[in-house]
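K.L.:
Each chain, written out:
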Amino acid sequence: MEKVQKPSFIERFLQLDRRIIYTLVALAVAIPLLFPLGLPIKVTPEVQSVYDMIEDLPEGSNILMSADFDPASMPELYPMMKSVMRHIIRKHHKLAITVLWPNGPNLVAQCIEELKQEYPEWTNTVDYVFLGYQVGGAIVIISVGDSFSGTFPKDYYGESTDGMPIIKEFNQLGQADYMVMFEAGNSGDWWIVYGTEVHDVPVGGGVTAVVAPMYYPYLQAKQLNGIIGGLKGAAEYEKLTDVPALATSAMDSQSMVHALIFVAIVLANIFALMLVGQKRRQAREEM
Amino acid sequence: MTHLGIILLQNNGLLPWQEAMGTFFTEGGMIVVGTWIAAGLTLFMFSFVYKDNPFFRFGEHLYLGISAGYLMSLYFFNNMKPKFFYPLMPFLDASGDSTLNLWVIIPGILGLFIIFRLIPGWGWLSRITFAFYIGGFTGISFPKVLNGLLLPQFYATMQSIPWQVNSLDSAVLLLNSLVLFVGALSVLVYFFFSMEHRGFIGGVSRVGIYTLMIAFGASFGYTIMARISLLIGRMQFLMFDWIGDEIVARIGSLFHGG
Numbered sequence: 001m002e003k004v005q006k007p008s009f010i011e012r013f014l015q016l017d018r019r020i021i022y023t024l025v026a027l028a029v030a031i032p033l034l035f036p037l038g039l040p041i042k043v044t045p046e047v048q049s050v051y052d053m054i055e056d057l058p059e060g061s062n063i064l065m066s067a068d069f070d071p072a073s074m075p076e077l078y079p080m081m082k083s084v085m086r087h088i089i090r091k092h093h094k095l096a097i098t099v100l101w102p103n104g105p106n107l108v109a110q111c112i113e114e115l116k117q118e119y120p121e122w123t124n125t126v127d128y129v130f131l132g133y134q135v136g137g138a139i140v141i142i143s144v145g146d147s148f149s150g151t152f153p154k155d156y157y158g159e160s161t162d163g164m165p166i167i168k169e170f171n172q173l174g175q176a177d178y179m180v181m182f183e184a185g186n187s188g189d190w191w192i193v194y195g196t197e198v199h200d201v202p203v204g205g206g207v208t209a210v211v212a213p214m215y216y217p218y219l220q221a222k223q224l225n226g227i228i229g230g231l232k233g234a235a236e237y238e239k240l241t242d243v244p245a246l247a248t249s250a251m252d253s254q255s256m257v258h259a260l261i262f263v264a265i266v267l268a269n270i271f272a273l274m275l276v277g278q279k280r281r282q283a284r285e286e287m
Numbered sequence: 001m002t003h004l005g006i007i008l009l010q011n012n013g014l015l016p017w018q019e020a021m022g023t024f025f026t027e028g029g030m031i032v033v034g035t036w037i038a039a040g041l042t043l044f045m046f047s048f049v050y051k052d053n054p055f056f057r058f059g060e061h062l063y064l065g066i067s068a069g070y071l072m073s074l075y076f077f078n079n080m081k082p083k084f085f086y087p088l089m090p091f092l093d094a095s096g097d098s099t100l101n102l103w104v105i106i107p108g109i110l111g112l113f114i115i116f117r118l119i120p121g122w123g124w125l126s127r128i129t130f131a132f133y134i135g136g137f138t139g140i141s142f143p144k145v146l147n148g149l150l151l152p153q154f155y156a157t158m159q160s161i162p163w164q165v166n167s168l169d170s171a172v173l174l175l176n177s178l179v180l181f182v183g184a185l186s187v188l189v190y191f192f193f194s195m196e197h198r199g200f201i202g203g204v205s206r207v208g209i210y211t212l213m214i215a216f217g218a219s220f221g222y223t224i225m226a227r228i229s230l231l232i233g234r235m236q237f238l239m240f241d242w243i244g245d246e247i248v249a250r251i252g253s254l255f256h257g258g
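These protein sequence lines map, in sequence, to chains A and B.
The first sequence finishes on residue 287 if you use the working numbering, and the numbering steps up by one all the way, no holes.
The second sequence finishes on residue 258 if you use the working numbering, and the numbering steps up by one all the way, no holes.
Isolated chain A (complex conformation) (with noise of 0.2 Å):
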């Protein structure tokens, strides 16, 4: 009868079952979480140049803002639109808020509303007009390049936008000083293509890690003057606003997460070479 050979150390790791990895993983997400390491935060100069920028504008300027995205990406992108909607309220600027994804209004109304609280004397058709989704795409940004009012007939809350005191002031794409556009895909690069480089507008962007990558040549060609990236980017950004919060309080859990993977697939790399060390030992001592 043949014996059967147990599996080694080597082989039982390298076919470790996905659960463990997985508690592994909820593990070092959850303990940082109830255990705060305060891990420090540098920031970055892609995000200092965003937020300079709204800092640097004199009081009162027009700032659009697009918000394109949706509660999938609602973790990274919703603490840094609400980070940069507040150093906005503080500049005391005039924002526009547009959306070009269906299930992004309700996103932009919970912050406003949030926001509001902290400063009830920001008033809506005065300082803020939020003008809900329309749906279109790149035909959006084009026809937003000749005024919002007739993009957008009406706000999110179904006001006519014709005649508010904001949209006297700051009516078209070209009337911004500086645009911030919070990017879960490619809407960004139909804002770039037929918005800020056709009305020389320009232009920041809040960015979800996985279309980062995709950004970054933007930057590279001055195309955009700066990027807050994923959710470090998020918590960058609450840092320079002195006000942390979740994005914050996330970063000790995606640190740890981040070490783990690294480990795992170093070791994984390592067994890996000794396996096949291990088998061409066992082919010279069979031969």
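Be careful, since some hints might not be right.
Facing chain A, according to a computed beta carbon distance under 7 Å, are these residues of chain B, among others [what the hints assert, rightly or not]:
no.	residue
1	Leu150
2	Pro152
3	Ala156
4	Met158
5	Pro162
6	Ser219
7	Thr223
8	Ala226
Away from chain B, derived, C-beta distances all over 12 Å, residues of chain A [said to hold, decoys possible]:
no.	residue
9	Tyr22
10	Leu39
11	Asp56
12	Ser61
13	Cys111
14	Asn124
15	Tyr133
16	Ser147
17	Ile166
What the hints contain is simulated information worked out from the structure, not anything from laboratory work.
We put the CB at the ideal spot given by N, CA and C, even for glycine.
Given the structure of chain A, go ahead and fit chain B onto it with the hints provided.
P.N.:
Then chain B, alone, in the frame of chain A:
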């Protein structure tokens, strides 16, 4: 009947069950119910990491169904109603802002043609709509993509290399420029299929492969960061919104010895 009348008078016209439901369906009550439903559905979705199961499939189908229904209603009320039905039938618009505009019939018919794809034998009509859409949009896009995307990216890649090094920053700038120069050229050579990838060309295209692999690696790193962020978002919801800040803080303080 008299008894019912007295109850209605006492409860501002509400029956007792209606009053109880009114208390339940307050804003605070709905937030609690909503949080529990969201937490339950989150756990349903997480159950997939153990193995496929009916709870996961229920959550998945519910999400798809609600999304489809929500999008359909959104498109109807945000677009079809104000941009198609009101201009055709202004009397339907209670605000009185709409005026008769028969031109909307043309996009209406073109839109209808797309739905004809579902009818065997009539599908060819949709090609008219697609031809119009693709032709029109290509015409609009071409100059804008050229000026807004291709040319600025060309200029950014065709920067002269700053050879003079007199500080750490200038050394980093030189390194970046060289990486960009070698990386862009080698990847272009890798995608140049009119010459056999042998000898010098083969060597350069191999550098192109390594450049692409580094780019994919960076992209993979960002993807991990994004996916973990989503997990953290859900964990924050479960721990702080569902279980509650106070309970989580107390658990934390037990181990901190507080």
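K.L.:
Would you mind marking each hint as holding or not holding in the structure?
P.N.:
Structure-based check of all given hints:
no.	hint	verdict
1	Leu150	10 Å, violated
2	Pro152	5 Å, holds
3	Ala156	3 Å, holds
4	Met158	11 Å, violated
5	Pro162	15 Å, violated
6	Ser219	5 Å, holds
7	Thr223	5 Å, holds
8	Ala226	4 Å, holds
9	Tyr22	5 Å, violated
10	Leu39	14 Å, holds
11	Asp56	22 Å, holds
12	Ser61	23 Å, holds
13	Cys111	15 Å, holds
14	Asn124	19 Å, holds
15	Tyr133	7 Å, violated
16	Ser147	16 Å, holds
17	Ile166	20 Å, holds
The structure is inconsistent with the numbered hints 1, 4, 5, 9, 15, although it conforms to all the rest.
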